[in-house]
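Q: What follows is each chain in one-letter form.
Protein chains: 2
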Amino acid sequence: MDMDVSRLDETLADRGLDGHLLDADSTTADQRYLSGFDAPDPFLTLYMPDRIAVLVSSMEYERARSESRADVVRRRSAYDYNDLVDTYGSVEGRARAIAAFLEEFDVEAASVNPRFPLITADELRERGIEIDADQSDAVEKTRAVKTETEIAYIREAQRANEAAMAEAERLIAEATVVDGVLHHQGDPLTSERVRRAIERTLLDHDCALDETIVAAGPDAANPHDVGSGPIREDEAIIVDIFPKDKRTQYHADMTRTFLHGTPGEEIDAFHAVTRDAKRAALDAVEPGVSGQQVHDAACTVYEAAGYPTLRTDEGTSRGYIHSTGHGVGLEVHERPRVSRNGETLEPGHVITIEPGLYDPAIGGVRIEDLVVVTEDGYENLTDYHEDLIV
Amino acid sequence: MDMDVSRLDETLADRGLDGHLLDADSTTADQRYLSGFDAPDPFLTLYMPDRIAVLVSSMEYERARSESRADVVRRRSAYDYNDLVDTYGSVEGRARAIAAFLEEFDVEAASVNPRFPLITADELRERGIEIDADQSDAVEKTRAVKTETEIAYIREAQRANEAAMAEAERLIAEATVVDGVLHHQGDPLTSERVRRAIERTLLDHDCALDETIVAAGPDAANPHDVGSGPIREDEAIIVDIFPKDKRTQYHADMTRTFLHGTPGEEIDAFHAVTRDAKRAALDAVEPGVSGQQVHDAACTVYEAAGYPTLRTDEGTSRGYIHSTGHGVGLEVHERPRVSRNGETLEPGHVITIEPGLYDPAIGGVRIEDLVVVTEDGYENLTDYHEDLIV
Numbered sequence: 001m002d003m004d005v006s007r008l009d010e011t012l013a014d015r016g017l018d019g020h021l022l023d024a025d026s027t028t029a030d031q032r033y034l035s036g037f038d039a040p041d042p043f044l045t046l047y048m049p050d051r052i053a054v055l056v057s058s059m060e061y062e063r064a065r066s067e068s069r070a071d072v073v074r075r076r077s078a079y080d081y082n083d084l085v086d087t088y089g090s091v092e093g094r095a096r097a098i099a100a101f102l103e104e105f106d107v108e109a110a111s112v113n114p115r116f117p118l119i120t121a122d123e124l125r126e127r128g129i130e131i132d133a134d135q136s137d138a139v140e141k142t143r144a145v146k147t148e149t150e151i152a153y154i155r156e157a158q159r160a161n162e163a164a165m166a167e168a169e170r171l172i173a174e175a176t177v178v179d180g181v182l183h184h185q186g187d188p189l190t191s192e193r194v195r196r197a198i199e200r201t202l203l204d205h206d207c208a209l210d211e212t213i214v215a216a217g218p219d220a221a222n223p224h225d226v227g228s229g230p231i232r233e234d235e236a237i238i239v240d241i242f243p244k245d246k247r248t249q250y251h252a253d254m255t256r257t258f259l260h261g262t263p264g265e266e267i268d269a270f271h272a273v274t275r276d277a278k279r280a281a282l283d284a285v286e287p288g289v290s291g292q293q294v295h296d297a298a299c300t301v302y303e304a305a306g307y308p309t310l311r312t313d314e315g316t317s318r319g320y321i322h323s324t325g326h327g328v329g330l331e332v333h334e335r336p337r338v339s340r341n342g343e344t345l346e347p348g349h350v351i352t353i354e355p356g357l358y359d360p361a362i363g364g365v366r367i368e369d370l371v372v373v374t375e376d377g378y379e380n381l382t383d384y385h386e387d388l389i390v
Numbered sequence: 001m002d003m004d005v006s007r008l009d010e011t012l013a014d015r016g017l018d019g020h021l022l023d024a025d026s027t028t029a030d031q032r033y034l035s036g037f038d039a040p041d042p043f044l045t046l047y048m049p050d051r052i053a054v055l056v057s058s059m060e061y062e063r064a065r066s067e068s069r070a071d072v073v074r075r076r077s078a079y080d081y082n083d084l085v086d087t088y089g090s091v092e093g094r095a096r097a098i099a100a101f102l103e104e105f106d107v108e109a110a111s112v113n114p115r116f117p118l119i120t121a122d123e124l125r126e127r128g129i130e131i132d133a134d135q136s137d138a139v140e141k142t143r144a145v146k147t148e149t150e151i152a153y154i155r156e157a158q159r160a161n162e163a164a165m166a167e168a169e170r171l172i173a174e175a176t177v178v179d180g181v182l183h184h185q186g187d188p189l190t191s192e193r194v195r196r197a198i199e200r201t202l203l204d205h206d207c208a209l210d211e212t213i214v215a216a217g218p219d220a221a222n223p224h225d226v227g228s229g230p231i232r233e234d235e236a237i238i239v240d241i242f243p244k245d246k247r248t249q250y251h252a253d254m255t256r257t258f259l260h261g262t263p264g265e266e267i268d269a270f271h272a273v274t275r276d277a278k279r280a281a282l283d284a285v286e287p288g289v290s291g292q293q294v295h296d297a298a299c300t301v302y303e304a305a306g307y308p309t310l311r312t313d314e315g316t317s318r319g320y321i322h323s324t325g326h327g328v329g330l331e332v333h334e335r336p337r338v339s340r341n342g343e344t345l346e347p348g349h350v351i352t353i354e355p356g357l358y359d360p361a362i363g364g365v366r367i368e369d370l371v372v373v374t375e376d377g378y379e380n381l382t383d384y385h386e387d388l389i390v
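Protein chains in written order, with UniProt numbering: chain U, 1 to 390; chain W, 1 to 390.
So that you can see chain U by itself, here it is in the shape it has in the complex:
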């Protein structure tokens, strides 16, 4: 997959370690990334500068050989796993098998993710193997830089995302209004119904997702509120969708704010200034710039228009009350951060740019695009209008 492993190799060399070890199932992004293997039960991956080895159960052996990106696939029986468990019990038996696996590759000292399982670390340390929690996040920083293949996967998920967003927009736009409440096919159009339509569309594109946000009116004032109940005319509706492609495991992420009817002055202003803030943040995106600088660009626009931001008032509950974005890949939130203390951007980083304005007395607006940092700027992966009124 032509990932750039130099950072990981440097970390190992600097610390005199033989490899990086993972004991996790594939819902752990680092594990999925380094092994390329989808598996529901924990297995071992040993990353070494010259090759990657995995240790799996007999049941997963053939599949790991054909599907994983490992150079070497070992099955537990190669280390007499069952005998070891029968003799020493499941915990020590497993540890002895892992120690034998490490010994085969001459690994005496390994780095691990800080959240590596305690029992495996304790047992391996008892066997004289050095286990070193890597606080530098070398693997996460490595996978923050996407290859062309990964960017293609993310584009695919983004296409599904736009289809789902279009379906949400259609329901809102085509709704009839009864007593100020949007209706669809005779029943109130609720956050729940729009969410379900979004999820059906994503399913048809082989995507899964957790909680789509369809937050209307006052619900939209809290960025974490997923929204509930009937949607009304003339209120801003924040729709935030972050699907995962079930085949590739990569995510996309986008937000649009829609309104059926006539916006109040404040929402109109929220929307106009947010478009400006997004444009300013995007204009700042290029390699060598920090996530903090991009976030600052958005804050500057909001502050100039008279809104509080976390920069001017850390405890504010209205105005620009969150950061400008985050990395997207195997996780929906990963490095780099587009926020205070956000790190330097590099080509291949895939990040969201998602400014917004919120006020419990008024509601909220957010507009979010997904972009990939290129050699001299960025490419916007999102192809969707930004109009408020639909």
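These aren't lab readings, by the way, just hints derived from the structure by calculation.
Among the hints, a few may not be true.
You can't tell identical chains apart in this list, so a pair holds if it fits in one copy or across any two.
[To be verified] Straight-line alpha carbon distances no greater than 16 Å define the calculated EDC-like cross-link-like pairs of lysine to aspartate or glutamate that follow: (1) Lys246 x Glu192; (2) Lys246 x Asp210; (3) Lys246 x Glu156; (4) Lys246 x Asp206; (5) Lys246 x Asp38; (6) Lys141 x Glu343; (7) Lys141 x Glu10.
Everything numeric in this text was worked out from a predicted model, so none of it was measured.
Place chain W on chain U using the hints.
A: This is chain W only, laid out in the frame that chain U set:
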């Protein structure tokens, strides 16, 4: 929720520990169980015999207070979290805040899940706190015994499951046959199409799921094959669905085998003997009996009918090549095990009973129900016919 915590309290008392500590997000079943809190980022739960305390971010504080089952909710700022991080860095700063939280409750020694995060354990141990990996699985054994509320949640998920199964059956039954291949609305009926219909139905019932199995003909000979491609007339189709209710997080699990057309003699026999094996396994289910004994009851029926089982031939790839069941709850696979070495069943255990027969030259049949062990036997939570021909 009136969970029975005596086992957990005994374990703590036996080992002279002050509490059981979790550092995880709510996708970790033990964390979700003890805290009652759905949260995407890791937080701390401290179980003590007299109360449960949680430590969350400021952002989650209000929600934790209203939604978690904790007696005490602390927010990180109560321990000067931000100052600690600024002074000592994110890892040591977090550890110092957790140590202060433990100190507030006089906890000097705590048990943890064996897969507790290494960095937290290392840091707390450095601060003189004893961290003891609990290899007795006390929490998992506790949550294996379901309360009435949990059983009600599982019933609900099972109702959704049956609706999805009925939709799969309908598509198979109502298919037209063209050149031996089942067709629906003019196009071949594939595993993928049936899977999507199942998922849509589950979505309409607010359930999520991972990979539904719709394995037809030769695909069905491998119990792990999710199935792909067009479904043919006269071949047995194993449909195995295990949804999760998105609101409650509890699972259900069921399997039926359908056939459109006329079964061959072997499949007919597979089906008849599997019904017998399931009946025998169910008859064995009662408190005090072990999961192994229930599994043995199924094996005995298959062996008497002349089929190999793992009991007679551990390496066989045809016949009865898996165990009889597993616990179901917050995880789709949890204790107790209905297999070799399966533990003693207790009232409140919710288990699958899922015998099947497989042969690469013939195909496969499996029938699975979900039952709850009662004071004097069991109650079957599955309400669905077992007919092969639809």
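Q: It remains to establish, for every hint, whether it holds in the given structure.
A: Each hint tested on the structure:
1. Lys246 x Glu192: between (23 Å within a copy, 13 Å between copies)
2. Lys246 x Asp210: both (12 Å within a copy, 9 Å between copies)
3. Lys246 x Glu156: Classified as within: same-chain Cα gap 11 Å, cross-chain 26 Å, threshold 16 Å.
4. Lys246 x Asp206: within (6 Å within a copy, 19 Å between copies)
5. Lys246 x Asp38: Within one copy only: 11 Å inside, 23 Å across.
6. Lys141 x Glu343: within (10 Å within a copy, 44 Å between copies)
7. Lys141 x Glu10: within (13 Å within a copy, 44 Å between copies)
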